[in-house]
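**Student:** The residues making up each chain are set out below.
Protein chains: 2
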Amino acid sequence: MNGKIPCMLPGEIEKQSFAILTEELGQIAIPPEHEAVVKRVIHTTADFDYARTLCFSPGAVAEGVRALREGAHIVTDTQMARAGVSARTLQGLGGAVHCFMGDEDVAEKAKARGVTRAAVSMEKAAELKFPLILAVGNAPTALIRLSELIEEGEISPRLIIGVPVGFVNVVESKEIIMNTGVPYIVARGRKGGSGVAAAVCNALLYEASGRTL
Amino acid sequence: MNGKIPCMLPGEIEKQSFAILTEELGQIAIPPEHEAVVKRVIHTTADFDYARTLCFSPGAVAEGVRALREGAHIVTDTQMARAGVSARTLQGLGGAVHCFMGDEDVAEKAKARGVTRAAVSMEKAAELKFPLILAVGNAPTALIRLSELIEEGEISPRLIIGVPVGFVNVVESKEIIMNTGVPYIVARGRKGGSGVAAAVCNALLYEASGRTL
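Going down the list, the protein sequences come from chains A and B. Position 157 of the first sequence, counted from 1, bears residue number 157 in my numbering, the numbering being contiguous throughout. Position 132 of the second sequence, counted from 1, bears residue number 132 in my numbering, the numbering being contiguous throughout.
Simulated from the structure, these hints should not be mistaken for laboratory data. Bear in mind the structure is a predicted one, so any value in this text is a computation, not a measurement. Even for Gly, the Cβ is constructed at its ideal location relative to N, Cα and C. Treat the hints with care, as some may be off.
Said to hold, decoys possible - Derived, one-sided and incomplete: chain B residues facing chain A with beta-carbon distance under 7 Å:
#, residue
1, Ile5
2, Ile13
3, Ser17
4, Ser57
5, Pro58
6, Met80
7, Leu128
8, Ile144
9, Val171
10, Glu172
11, Arg190
12, Lys191
13, Ser194
14, Gly195
Claimed, not checked - For lysine-lysine, the following DSSO-like pairs were computed, each having C-alpha atoms within a straight-line distance of at most 27 Å:
#, chain 1, residue 1, chain 2, residue 2
15, B, Lys129, B, Lys109
16, A, Lys109, B, Lys129
17, B, Lys109, A, Lys15
18, A, Lys109, A, Lys124
19, B, Lys111, A, Lys15
20, B, Lys124, B, Lys111
21, A, Lys111, B, Lys15
Chain A extracted, bound-state conformation (with noise of 0.2 Å):
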């Protein structure tokens, strides 16, 4: 290695991130249920604006956390996020991960009736019959499909992570899904990403199988 820059291995460099990004958090309130969540975003984002734009349900965490401990899948509006998400944690959990943004079912689907694959990949989500989490790092259309869903009574997720990232109907769709009765974590604002979907799903991963840092 680089004789500037002293070699560590992954497990030492994330918790030295961690105790740097808890030092610079300083007086930063962050209740300590949210605590894993907020802090892994940042760790993944090297994004302090999360500390504020980060919202829960109450009980939020918790509910994940019991919900990947009784086997719940994640089904991910992106192969991105599907990508990040710690696979062999939630296996491990008797959970898994789908994304069906790239079935040809949904793309046909999609195509027929004008709206987008994220929508239709939510339809399919609800045809699932596990404990669910939803996690949407990209799509608005998705988290506007998904309200839709829950008000008609065809899907009910443990919990929603809301997280998509951009310009345009983004903002809206996160305030939309924090008013279904719908347990959910959201990044409030035009921010977010599929490594924050990620990110969320991993800390409660974490959380769930006892991993420590």
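Given the coordinates of chain A, work out where chain B should sit on it, guided by the hints.
**Tutor:** Below, chain B without anything else, positioned relative to chain A:
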């Protein structure tokens, strides 16, 4: 779709997003040759900091586009970044995207030598016989090992996309990679990530393949 939000398809949303972010960028002067990359990264992150932190070696974008048109392959340091690169566009140009982080031989070598898988995966990249673009969105150790391999003459990438995120060794590793003499696109500072790495690749890919918004 929800009555409060107009139904839009991804293509329209993307166009409108770029219009909004272009307006908000306002007076920030971005050299025309960097515009596509900077805007796609902001589109992916909703974070205008990148207008300030993205650094380009002279001609880096043109070199990346040229390499892709000549069939360059892309190597990433995470499965997330790999999943985010437009594989179809890359394939159309004769390239492919690789990530060696999950490979058995990489894990074994890393364990035996007490180094990171990211470092070993750069060594594996050096064995590829294609023109190469390295896209590092996570591991500073990948950039550090890469700088050594360049110095030793073991690899000469056409372009390095150096955008790891984090609190430990990240800032330093980016400075090191900007001094190797290899064309680079780097997000100076702590921010970056797999999504940013993929966004930079896709901006270059869309330019190389003639895709317009």
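**Student:** Tell me, in ascending order, the numbers of any earlier hints that this structure violates.
**Tutor:** 4, 5, 7, 9, 16
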